[in-house]
Amino acid sequence: MEWLFAGLFALGMLIGSFVFLIRKVIKLGPLAKTWQDLVAKLADASAKAPEIERISGSLGDDPALHFARRLELKRQARKLKRERSRRLRSRVF
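Quick note, in our numbering, the sequence shown goes up one by one and the last residue is 433.
Don't read these hints as lab results, they were simulated from the structure. One thing to keep in mind: the hints can contain errors.
Here are the simulated DMTMM-like pairs of lysine to aspartate or glutamate, each with C-alpha atoms no more than 20 Å apart in a straight line [stated by the list, open to error]: (1) K388 <-> D377; (2) K373 <-> D384; (3) K367 <-> D377; (4) K381 <-> E391.
Using C-beta positions, here's what the derived DEER-type ranges look like [to be verified]: (5) L371 <-> G347: 32 to 42 Å; (6) L361 <-> L382: 25 to 35 Å; (7) Q416 <-> G352: 54 to 64 Å; (8) L378 <-> S357: 21 to 31 Å; (9) L371 <-> R427: 21 to 31 Å; (10) A383 <-> L351: 54 to 64 Å; (11) A385 <-> L420: 33 to 43 Å; (12) I366 <-> E342: 30 to 40 Å; (13) K373 <-> K414: 34 to 44 Å; (14) L411 <-> K373: 52 to 62 Å; (15) A404 <-> R431: 25 to 35 Å; (16) R409 <-> L378: 25 to 35 Å; (17) H406 <-> A385: 46 to 56 Å.
Glycine included, C-beta positions come from ideal geometry on N, C-alpha and C.
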């Protein structure tokens, strides 16, 4: 008997989930156009990426320099973090 109740409960949950999802899809229908517009804008922006890279390259911005600078900043941050943790561990409470 409990198998029957469990089966009916599972079936009810499936039907409820299906109805819930259908209602959400219907409610989000008008937003689909907005999402399509956003995806189209993103595709246009990504198509312009080589052009932007070419322009920034002509201005003298070397990506390797930015990468090296970022690595240096990360090294400094790790060093400061290690020093701070050592200071905190050496304190006497």
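Status of the hints after comparison with the structure:
1. K388 <-> D377: Status holds; Cα separation ~17 Å.
2. K373 <-> D384: Satisfied, since the Cα-Cα distance of roughly 17 Å is no more than 20 Å.
3. K367 <-> D377: Within the cut-off at roughly 18 Å; holds.
4. K381 <-> E391: holds, 16 Å
5. L371 <-> G347: 32 to 42 Å: 36 Å Cβ-Cβ, so the 32 to 42 Å window holds.
6. L361 <-> L382: 25 to 35 Å: Given range 25 to 35 Å: holds, Cβ gap about 26 Å.
7. Q416 <-> G352: 54 to 64 Å: Holds: the Cβ-Cβ distance is about 60 Å, inside 54 to 64 Å.
8. L378 <-> S357: 21 to 31 Å: Roughly 28 Å apart at Cβ, these two residues keep to the hinted range, so it holds.
9. L371 <-> R427: 21 to 31 Å: Violated, at about 52 Å.
10. A383 <-> L351: 54 to 64 Å: Distance hint for A383, L351 is violated at roughly 43 Å.
11. A385 <-> L420: 33 to 43 Å: holds, 36 Å
12. I366 <-> E342: 30 to 40 Å: holds, 36 Å
13. K373 <-> K414: 34 to 44 Å: Since the Cβ atoms of K373 and K414 sit about 43 Å apart, the hinted range of 34 to 44 Å holds.
14. L411 <-> K373: 52 to 62 Å: violated, 44 Å
15. A404 <-> R431: 25 to 35 Å: violated, 41 Å
16. R409 <-> L378: 25 to 35 Å: With Cβ atoms ~33 Å apart, the hint holds.
17. H406 <-> A385: 46 to 56 Å: Since H406 and A385 have Cβ atoms about 20 Å apart, the given range 46 to 56 Å is violated.
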